[in-house]
Amino acid sequence: MEFLSYLISGISLGSVYAIIALGYTMVYGIAKMLNFAHGDVIMVGGYLSYYAMFSFGLPWFVALPASMIVCACIGMLIERLAYKPLRQAPSLAVLITAIGVSYFLQNSALLIFGANPKTYSNPFQSVNPDGSINAGISLFGGQLTITYVSIVTIISCIIIMLALNFFTSKTKMGKAMRACSEDKGAAQLMGINVNRTISITFAIGSALAAVAGVLLCSSYTLIQPTTGSMPGIRAFTAAVFGGIGSIPGAFLGGLLIGIIESLAKAYISTQLSNSIVFAVLIIVLLVRPAGLLGKYVPEKV
Amino acid sequence: MLKWFKNAKKENRTDYLTYLGVVLAFIIIAILNNAGLLPRSRAGQLVPICCYIVMAVSLNLTVGILGELSLGHAGFMSVGAFSGVIASQALAASIPSAPLRLLIAMVVGALFAAVAGFIIGMPVLRLHGDYLAIVTLAFGEIIKEIINCLIVGSDANGLHVIFNVKGLKTAEDLNLLEGGKIIIKGAQGAAGTETISSFTAGFILVMITLIIVLNLVRSRSGRAIMALRDNRIAAESVGINVTEYKMMGFVTSATLAGAAGALYGLNYSNLLATKFDFNTSILVLVFVVLGGLGNIWGSIIAATVLTILPEALRGFDSYRMLVYAIVLILVMLGTNNEKLKIFFAGLAKKAKKAKKGGA
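Taken in order, these protein sequences are the chains called H and D.
Per this note's numbering, residue 1 is the first one in the first sequence, and the count goes up by one each step.
Per this note's numbering, residue 1 is the first one in the second sequence, and the count goes up by one each step.
It should be emphasised that the hints constitute simulated quantities derived from the structure, not laboratory data.
Check before you lean on any hint, since a few could be wrong.
[What the hints assert, rightly or not] 25 Å max Cα-Cα, derived DSS-like pairs, lysine-lysine: (1) D:Lys9 <-> H:Lys265; (2) H:Lys265 <-> D:Lys350; (3) D:Lys353 <-> D:Lys339; (4) H:Lys32 <-> H:Lys175; (5) H:Lys184 <-> H:Lys170; (6) D:Lys339 <-> D:Lys350; (7) D:Lys352 <-> H:Lys265; (8) D:Lys352 <-> D:Lys339; (9) D:Lys275 <-> D:Lys339; (10) D:Lys185 <-> H:Lys32; (11) H:Lys265 <-> H:Lys170; (12) D:Lys352 <-> D:Lys341; (13) H:Lys84 <-> D:Lys341; (14) H:Lys32 <-> H:Lys172; (15) D:Lys339 <-> H:Lys84; (16) D:Lys169 <-> D:Lys275; (17) H:Lys184 <-> H:Lys172; (18) H:Lys172 <-> H:Lys84; (19) D:Lys339 <-> H:Lys32; (20) D:Lys169 <-> H:Lys265; (21) H:Lys170 <-> H:Lys32; (22) D:Lys353 <-> D:Lys341; (23) H:Lys184 <-> D:Lys339; (24) H:Lys175 <-> H:Lys84.
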């Protein structure tokens with residue numbers, strides 16, 4: 001029973017990673033760059049929803065879309081100002097810029113919101129008539145509790161993945177994205193607006209980051225300027241694990257990383273949990289550089 | 001002498017001037033320091049500045065010369081710092097001379113960092129680009145967590161090491177004999193370290209680093225490394241061994257970072273593993289980027305100025321990291337975007353013209 005509860009918390013954590021990893025994977029697939037700032041967009045989404053819910057008293061189903069829209073705009077703005085001028089630059093320059101953007105967001109948040117963690121009370125729970133908090137469903141006579149946050153996280157992750165799969169395979173914009181990720185020059189010759197496609201990819205990725213921010217903060221019940229950085233890196237690990245550029249891969253990788261992290265924390269060591277996740281990344285990159293579901297592209301000379 | 005200098009190659013001249021500049025700076029600062037003209041806060045910064053210069057120059061070897069972004073450079077510094085502290089503390093009884101012990105500690109730190117660099121380099125250098133960056137970041141985090149789990153003490157029987165995986169053990173479990181001392185206490189880091197670092201040692205380390213790096217860059221191996229940076233496939237096709245030369249650059253860089261770490265670690269009586277986190281790696285990267293990728297003396301100046309400035313401008317402190325972030329973005333945009341490059345070149349021309357016109 002203990003194992004089952006760790007497994008469920010792992011799946012729920014993994015679903016958040018999967019949502020973040022989808023953002024990484026889409027941006028990497030199309031712009032061929034590691035958007036280091038993605039993790040910090042999560043934090044921005046978390047803060048936006050925090051203020052929307054606890055300062056303005058909006059319900060979560062209003063706060064969530066609002067922060068998604070703002071984050072999408074921030075994502076497009078970052079792309080326009082920092083990454084677009086570097087389209088032709090070597091990847092080292094783009095990566096350093098991305099780190100700069102990540103630091104910029106983190107330190108702006110530090111100045112605007114302060115360094116102290118804020119309590120993010122979980123919106124996905126109900127209060128019983130007797131005043132106690134009902135945070136989840138009890139099973140097996142109270143031995144196993146599945147929180148509502150976990151359920152919401154897992155369901156939203158599945159919905160997002162299915163929607164994105166539909167979007168990239170059936171809609172015109174989605175097809176344009178796939179074309180751009182194959183060959184930007186050829187896509188442009190076919191009349192696809194490459195710049196707009198990349199912008200929209202960033203918008204979608206950042207909106208997903210906002211969703212992840214709300215879910216992550218609801219389950220940790222804390223938010224601070226560095227909230228997004230570690231989950232961001234772990235989610236990137238997940239994206240690489242599943243095969244970067246592949247949407248089902250990000251989903252699978254996210255779930256596996258979440259489960260590995262949760263079980264490692266429970267059974268091996270809390271202190272070494274990051275190390276274990278990263279060791280998985282290193283082994284995957286050595287054994288199967290393209291990831292579990294990615295396709296290997298040989299280098300053309 | 002002057003004639004010889006004039007006849008030397010342009011690169012060599014730059015190198016000699018770099019050495020000369022560092023030596024002169026050392027002499028001036030040493031005189032000022034001995035005369036007591038430096039304020040205490042500045043004097044306390046001399047050793048950290050030397051450490052950061054070595055860090056920046058060695059990271060420049062990886063990023064600027066080898067062309068791969070390493071985000072775990074602070075990890076090597078950490079390895080060097082803690083192995084150096086252990087060596088110095090454990091040998092305190094048998095080697096009373098502080099400079100000799102510092103030398104041994106730095107060599108030990110460098111060796112451990114070299115081994116760490118080799119172990120990390122084996123898997124990492126098979127990757128390139130973004131993957132390499134993220135894996136070095138991962139290694140930096142792994143090193144930090146592993147050191148957080150270490151409990152080390154020494155007594156008459158030698159070193160005692162516990163690897164505290166579950167986080168349940170304390171220094172009591174070392175079972176030290178009477179007179180033994182605890183060197184590293186897990187997450188609380190190294191405490192009670194005897195501070196034996198000196199500015200002279202820092203200067204010597206900077207000089208050694210410069211001699212190693214500049215000679216490597218101007219050698220046959222250095223040219224091979226730069227060829228790999230400029231075009232890996234072309235370099236491979238003329239028979240340059242990719243792994244060998246990348247490993248050479250990477251391990252040299254790690255070794256120097258380890259020596260700098262040992263010097264840094266022995267400058268403070270308390271040291272936490274979290275000091276060498278991702279932020280420190282980024283800080284060193286900012287030195288390298290601001291000084292110019294591949295430009296050694298640029299790194300030296302950037303490291304010095306950016307270590308002194310935040311202390312000098314106290315009110316500026318909370319904006320420091322924000323400004324660093326903007327610096328990273330702007331330098332990258334300014335040096336890599338064609339339109340901006342033309343814009344800056346135009347500005348420079350105008351400035352020149354205005355100067356000539358004015359004179």
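For each hint, the structure was consulted:
1. Under the criterion of a C-alpha separation no larger than 25 Å, the hint pairing Lys9 of chain D with Lys265 of chain H is inconsistent with the structure, at around 59 Å.
2. Distance check on the hinted pair: Lys265 of chain H and Lys350 of chain D sit about 61 Å apart at the alpha-carbon level, beyond 25 Å; violated.
3. For the proposed pair Lys353 of chain D and Lys339 of chain D, the alpha carbon gap of about 21 Å is at most 25 Å, so the pair holds.
4. Between Lys32 of chain H and Lys175 of chain H the CA atoms are separated by roughly 17 Å; this keeps the pair inside 25 Å, and the hint holds.
5. Between Lys184 of chain H and Lys170 of chain H the CA atoms are separated by roughly 20 Å; this keeps the pair inside 25 Å, and the hint holds.
6. Taken as a hint, the Lys339 of chain D and Lys350 of chain D pair is honoured in the structure, with Cα atoms around 17 Å apart against an allowance of 25 Å.
7. Among the hinted pairs, Lys352 of chain D with Lys265 of chain H is inconsistent with the structure: their alpha-carbon atoms are about 62 Å apart, more than 25 Å.
8. With a C-alpha separation of about 20 Å, the suggested pairing of Lys352 of chain D with Lys339 of chain D holds against the 25 Å cut-off.
9. Annotation: proposed proximity of Lys275 of chain D to Lys339 of chain D is violated, straight-line Cα distance about 40 Å (limit 25 Å).
10. Proposed proximity of Lys185 of chain D and Lys32 of chain H is contradicted: the alpha carbons are some 43 Å apart, above 25 Å.
11. A distance of roughly 40 Å separates the Cα atoms of Lys265 of chain H and Lys170 of chain H; the hinted pair therefore is violated under the 25 Å criterion.
12. Between Lys352 of chain D and Lys341 of chain D the alpha-carbon distance is near 17 Å, which keeps this suggested pair within the 25 Å criterion.
13. Pair hint Lys84 of chain H plus Lys341 of chain D holds up; C-alpha atoms about 15 Å apart against a cutoff of 25 Å.
14. Taking the CA atoms of Lys32 of chain H and Lys172 of chain H, the gap is about 21 Å. The hint holds against a cut of 25 Å.
15. Restraint check: the Cα-Cα separation between Lys339 of chain D and Lys84 of chain H comes to about 12 Å, which is no more than 25 Å; the hinted pair holds.
16. Between Lys169 of chain D and Lys275 of chain D the alpha-carbon distance is near 23 Å, which keeps this suggested pair within the 25 Å criterion.
17. With a C-alpha separation of about 16 Å, the suggested pair Lys184 of chain H and Lys172 of chain H falls inside the 25 Å cut-off, and the hint holds.
18. Our distance criterion of 25 Å between C-alpha atoms is met by Lys172 of chain H and Lys84 of chain H, whose separation comes to about 23 Å.
19. Distance check on the hinted pair: Lys339 of chain D and Lys32 of chain H sit about 22 Å apart at the alpha-carbon level, within 25 Å; holds.
20. For the suggested pair Lys169 of chain D and Lys265 of chain H, the alpha carbons sit about 17 Å apart, so the restraint of at most 25 Å is met.
21. Straight-line distance between C-alpha atoms of Lys170 of chain H and Lys32 of chain H comes to about 23 Å, which keeps the hinted pair within the 25 Å bound.
22. Between Lys353 of chain D and Lys341 of chain D, the direct Cα distance comes to roughly 18 Å. Compliance with the 25 Å bound is thereby established for this hinted pair.
23. Simply put, Lys184 of chain H and Lys339 of chain D have alpha-carbon atoms about 21 Å apart, close enough for the 25 Å limit, and the pair holds.
24. With a CA separation close to 21 Å, the supplied pair Lys175 of chain H and Lys84 of chain H stays within the 25 Å bound.
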